[in-house]
Every structure is written in structure tokens, then in C-alpha cells.
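Protein sequences, first through last, are from chains A and B.
Using my numbering, read the first sequence as starting at 1 and increasing by one per residue.
Using my numbering, read the second sequence as starting at 1 and increasing by one per residue.
Since the hints were derived computationally from the structure, they do not count as laboratory data.
Think of the CB as a built atom: it goes at the ideal place given N, C-alpha and C, for glycine as much as any other residue.
Facing chain B, a subset of chain A residues (Cβ under 10 Å, in silico):
#1 Gln6
#2 Ser9
#3 Tyr32
#4 Phe34
#5 Tyr36
#6 Asn41
#7 Gln42
#8 Gly43
#9 Leu44
#10 Gln45
#11 Lys94
#12 Val96
#13 Ile104
#14 Phe105
#15 Gly106
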Amino acid sequence: AQSVTQLGSHVSVSEGALVLLRCNYSSSVPPYLFWYVQYPNQGLQLLLKYTSAATLVKGINGFEAEFKKSETSFHLTKPSAHMSDAAEYFCAVKPVGGSQGNLIFGKGTKLSVKP
Amino acid sequence: NAGVTQTPKFQVLKTGQSMTLQCAQDMNHEYMSWYRQDPGMGLRLIHYSVGAGITDQGEVPNGYNVSRSTTEDFPLRLLSAAPSQTSVYFCASSYSTGTDTQYFGPGTRLTVL
Chain A
1 AQSVTQLGSH VSVSEGALVL LRCNYSSSVP PYLFWYVQYP NQGLQLLLKY
51 TSAATLVKGI NGFEAEFKKS ETSFHLTKPS AHMSDAAEYF CAVKPVGGSQ
101 GNLIFGKGTK LSVKP
Chain B
1 NAGVTQTPKF QVLKTGQSMT LQCAQDMNHE YMSWYRQDPG MGLRLIHYSV
51 GAGITDQGEV PNGYNVSRST TEDFPLRLLS AAPSQTSVYF CASSYSTGTD
101 TQYFGPGTRL TVL
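Could you build the full structure based on these sequences and the hints that come with them?
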């Protein structure tokens, strides 16, 4: 069965520092991959998605992620953290060709940004 | 265009009570789903629907029922609430089951005493 692992339940960075949130998937066939962000007391918002086109995907708010098949990874990065980036981030996968369209989520990484 | 709406935002129930969480979308999306979010667990799929009249179980369906009589609405019913169902519930929808973005509602925070 598909699964997704997010390394680190909490990540803390200083404002202006690089943000790196890790995501690995387990599947012999590369799935579709998504990153969602959840601000406090809100629903989830799509940051970016990989759908087997370009391996480097750019999203909203300056975030990007690179799909690496050899490493089964889809890590999320942002060159310079802002205070407003403090939120919880979820990586999710969806099997290619699946008829159900269900997302399988990782357990989330809470990002803190220190002034 | 309201997107995905959920009511109520907060609810407190006693063990054994029943209730319905409402979800509606105005984007003419075929695919709708319900997730529950628990600390350290991410989001887990409860039930989903690929169109009106079609529903199926997700990862954690026990204690919940759904129906889809219209494209717009996808209510989630708790038959006999238990403390283990204390959670935040999110409804989501997308145009299809492919790579289309899933849009999430603002959530319902449920506490079962």
C-alpha cells in the first residue's frame, strides 16, 4: 500500500533562513505528489503538486519542491523563511491511474519561524 | 463562489448522541471526501464519493455513515458518538479523481464527552 513519510514533526528556523521539509513516498510506481499548508484553525491549502511533468515544481508563497525518483523523495524548500510561513505542512500522495482519487497524507511537519 | 463550506464549526456531543456534519460545495465537483485530523496522525480518509449516488469507505469508516443524493452535498453522520470520535473533520472536493486539486473546507471541531 502507498504511504508517505515526513521526517520531523517539528522544524524550527530563523527568519531569512532556508526552509527544508522532507517527504518520502513508498511506491514502485511514482505517484502524484502534493504539498498542502494548514494555518492555525484553518483548512488545508494546496502549495504545489507534481503530476509527472517537470521534476522541479514551483508553488505559491515562494515554495518549491523537487521530485527525485531515485530517492523516492519530494522535499519542500523555500530559500528565505518569513514569519508568515509558520504553519503545519502536509505531504500527500495519490496513486497514478487510481479510480478513487484519494489522497494519502503524511503526519505533518509543524514549521516554526523565529525572529 | 463559496467553495467548500462546512457546518457547524464547533460541536460538543455526549456519548451515544447522533449528529450530522454538513458539507456543501458550489464548484460542480464530482469527487467529495471526508477526513478526520488527529494530532500527530495527519489526515485520515473516512468516506468518499465519486459522484451522486456513489459512496465508498476510506481508511477509518467505522461509526460513520454518508450519502450523496446531490452533487453539491455530502453529509457525514455519526450514529452513536464515542469519545474516540473527538477530532477535527474536514470535507474536501475536486473536479475529478485525477490530478485535480482537492479543495478543503474550514473544518468542524467535534468534542465527544
